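Colleague: Using the sequences and the accompanying hints, generate a full structural model.
These protein sequence lines are chains A and B, in that order.
Each residue of the first sequence is one higher than the last, beginning at 1 in our numbering.
Each residue of the second sequence is one higher than the last, beginning at 1001 in our numbering.
Watch out, some of these pointers could steer you wrong.
Each computed SDA-like pair below joins lysine to any residue, with the alpha-carbon atoms no more than 25 Å apart [what the hints assert, rightly or not]: (1) B:Lys1169 / B:Leu1281; (2) B:Lys1249 / B:Leu1234; (3) A:Lys111 / B:Ala1288; (4) A:Lys111 / B:Leu1287; (5) A:Lys111 / B:Pro1286; (6) A:Lys111 / B:Lys1249; (7) B:Lys1030 / B:Val1004; (8) B:Lys1169 / B:Phe1252; (9) A:Lys111 / A:Ile48; (10) A:Lys111 / B:Arg1313; (11) B:Lys1169 / B:Leu1214; (12) A:Lys111 / B:Lys1169; (13) B:Lys1030 / B:Arg1253; (14) A:Lys111 / B:Lys1030; (15) B:Lys1172 / B:Gly1347.
Everything labelled a hint here was simulated from the structure, so no lab data went into it.
None of these values were measured; they are calculated from a predicted model.
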Amino acid sequence: MGYSTIYAVSSNDIVYETFDGDAVVLDLASGRYFGFSDSGSCVWEALIAQVPPASLVGRACGNGQLSAADLDAFIDRLTEYGLLSPATDMASVALSPELAQRLAATREALKIDMHDELADLVMVDPIHDVDEPAGWPAVKQ
Amino acid sequence: MRHVTLDGLADYARELLAACEANAGAFPRKSRVELPGLAIDVFSDHGELATALAHGMAAAIAAEPATPARIFLAHPGIGSIPRPALWGEALFHPNMFSERLEANGLRGHYFHDLSYWQFYDVEKRLGVQLMLSADGCPPWEFGAPLRCFLHWEYAARGLRLTHAGTLGKGGKGVLLAGAGGAGKSGTVASGLLAGLDSVGDDYVLVEFDGNRSLTRPLFTTLKQDQAGFDRLGLGRLLPDPGSLNWQGKYQFRVQDLCPRGVADKLDIVALLVPRISGAPLSAITPLARKDALMALAPSGIAQMPGERESGFRFFGELTRRLPCYNLALGTRGNEIAETVAAFLDRGRP
Chain A
1 MGYSTIYAVS SNDIVYETFD GDAVVLDLAS GRYFGFSDSG SCVWEALIAQ
51 VPPASLVGRA CGNGQLSAAD LDAFIDRLTE YGLLSPATDM ASVALSPELA
101 QRLAATREAL KIDMHDELAD LVMVDPIHDV DEPAGWPAVK Q
Chain B
1001 MRHVTLDGLA DYARELLAAC EANAGAFPRK SRVELPGLAI DVFSDHGELA
1051 TALAHGMAAA IAAEPATPAR IFLAHPGIGS IPRPALWGEA LFHPNMFSER
1101 LEANGLRGHY FHDLSYWQFY DVEKRLGVQL MLSADGCPPW EFGAPLRCFL
1151 HWEYAARGLR LTHAGTLGKG GKGVLLAGAG GAGKSGTVAS GLLAGLDSVG
1201 DDYVLVEFDG NRSLTRPLFT TLKQDQAGFD RLGLGRLLPD PGSLNWQGKY
1251 QFRVQDLCPR GVADKLDIVA LLVPRISGAP LSAITPLARK DALMALAPSG
1301 IAQMPGERES GFRFFGELTR RLPCYNLALG TRGNEIAETV AAFLDRGRP
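Modeller: Written out as structure tokens, the structure reads:
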């Protein structure tokens, strides 16, 4: 990860809502849902607001300081899941005081949970991918 | 046999809609379904699906203005209605299928096991459900006929067919959200037996009216498996409940449990997420909104073809408007109903 890299939401299929500081993300293409810890929600919001990771390292977060290693691992997960991509043509934005304050008040470590229980129902090709004798929605293994 | 892929999908939909209109006089049965703000003329054959339509839909308030729509439940035995096409060799991806139709002002669904197509022209309010025979639909359609058409029509108006149960008292109500098996239907049946109101136990219509979140009935059916049926003592009200449905559940109607039937509407004051706790007493405790959304949105979005982003946004807004709670279900139905009734009286746990 480059600490000056700016990230953006990967595609229009990635939609998200934030409730009381907690973010929930849905990938419309895969049907997978993602929930974050409180610090994860703040970092997600910062990254999609074009705050570079370098601005986040060392900040108070979840009863400690946000380390480069933890941030690296978190961003790796976000990109592996297809939620974030590097954006080459975007200018960096400073972390807002409000978000910095929320990040400092978090209590949980950086974390993202993925829920794919319903993904098969949303994305599988029911004609070519299903187990014929069992039929939809038994997916071919 | 004709094969359809994404490239010919919208044309195929338009052809089927035109064929139905041209054959309207050949349909053996025409009925009217009056739902909130919607009066649907349904052209069909006779059979189990027609019976489900006649008995399983909630009647709208008579004085309410209604927009007309037409839906054809078609099969090749009617006039010159063609046999259903098959999907070709190209990839079938439900999201791409929906996007291609939406780009052409259409909505649709294909269930390949039964060569079952549904298309809806949102502007004309004209729909077709093409099957191989009069009752050649997936088994879940009998419990909620026209479900996809209602989903598309109401979504176009900014309303939402929502996968949730409801209970209410004095016009105020709670939404009960969660995946299958969480206890929604048992909670609704318990409440009805104890004198509470409901607008449905599975799919209900939700709309925003200013700051209020209103829910209205679309279907009158209730479902219970044998264990729930016995636990609630439903045998005394339904001595002959008929055969089990495709889910292994008895299917009956709200008016079978309470003579007043479904309520016209409920003003929703909270979102409850039930779970079977095994504890003797029920308990209502606060729940984070993100967890409430995770209980409410996924099944509603996965079960309804198309309109996925608007659904996520709608359920996000609904979750944001309402206080959210866990409902740990006790073991006795009347105690569960008393807990919900007391919550509705106080407006808090």
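Colleague: Mind checking the alpha carbons of B:Lys1249 and B:Leu1234 for me, to see if they're no more than 25 Å apart?
Modeller: holds (13 Å)
Colleague: Within a Cα-Cα threshold of 25 Å, do A:Lys111 and A:Ile48 meet the stated pairing?
Modeller: Since the Cα atoms of A:Lys111 and A:Ile48 sit roughly 16 Å apart, the hinted pair holds (cutoff 25 Å).
Colleague: Does B:Lys1030 pair with B:Arg1253 here, judged by a C-alpha cut-off of 25 Å?
Modeller: The hint holds at about 23 Å.
Colleague: Is the straight-line distance between the alpha-carbon of B:Lys1169 and that of B:Leu1281 25 Å or less?
Modeller: holds (21 Å)
Colleague: Going straight from one Cα to the other, do A:Lys111 and B:Ala1288 come out at no more than 25 Å?
Modeller: Holds, at about 17 Å.
Colleague: Is B:Lys1172 close enough to B:Gly1347, meaning Cα to Cα at most 25 Å?
Modeller: At roughly 9 Å apart (the allowed maximum being 25 Å), B:Gly1347 and B:Lys1172 satisfy the hint.
Colleague: Against the 25 Å threshold, does the CA-CA distance of A:Lys111 and B:Leu1287 hold or violate the hint?
Modeller: The given pair, whose Cα atoms are some 19 Å apart, holds under the 25 Å limit.
Colleague: Is the hinted pair B:Lys1169 and B:Leu1214 satisfied, with a Cα-Cα distance of at most 25 Å?
Modeller: Roughly 14 Å between the alpha carbons, so the hint for B:Lys1169 and B:Leu1214 holds.
Colleague: Could you grab the alpha-carbon distance between B:Lys1169 and B:Phe1252 and see if it respects the 25 Å cut-off?
Modeller: Answer holds: B:Lys1169 to B:Phe1252 is near 22 Å, not above 25 Å.
Colleague: Take the C-alpha atoms of A:Lys111 and B:Lys1249, compute the straight-line distance between them, and say whether it is at most 25 Å.
Modeller: Roughly 40 Å between the alpha carbons, so the hint for A:Lys111 and B:Lys1249 is violated.
Colleague: Given the proposed pairing of A:Lys111 with B:Pro1286, does the C-alpha separation stay at or below 25 Å?
Modeller: This hinted pair holds, its Cα atoms lying about 22 Å apart.
Colleague: Assess, step by step, whether the Cα of A:Lys111 is no farther than 25 Å from the Cα of B:Lys1030, and give holds or violated.
Modeller: violated (56 Å)
When each numbered hint is compared with the structure, violations occur for hints 6, 7, 12 and 14.
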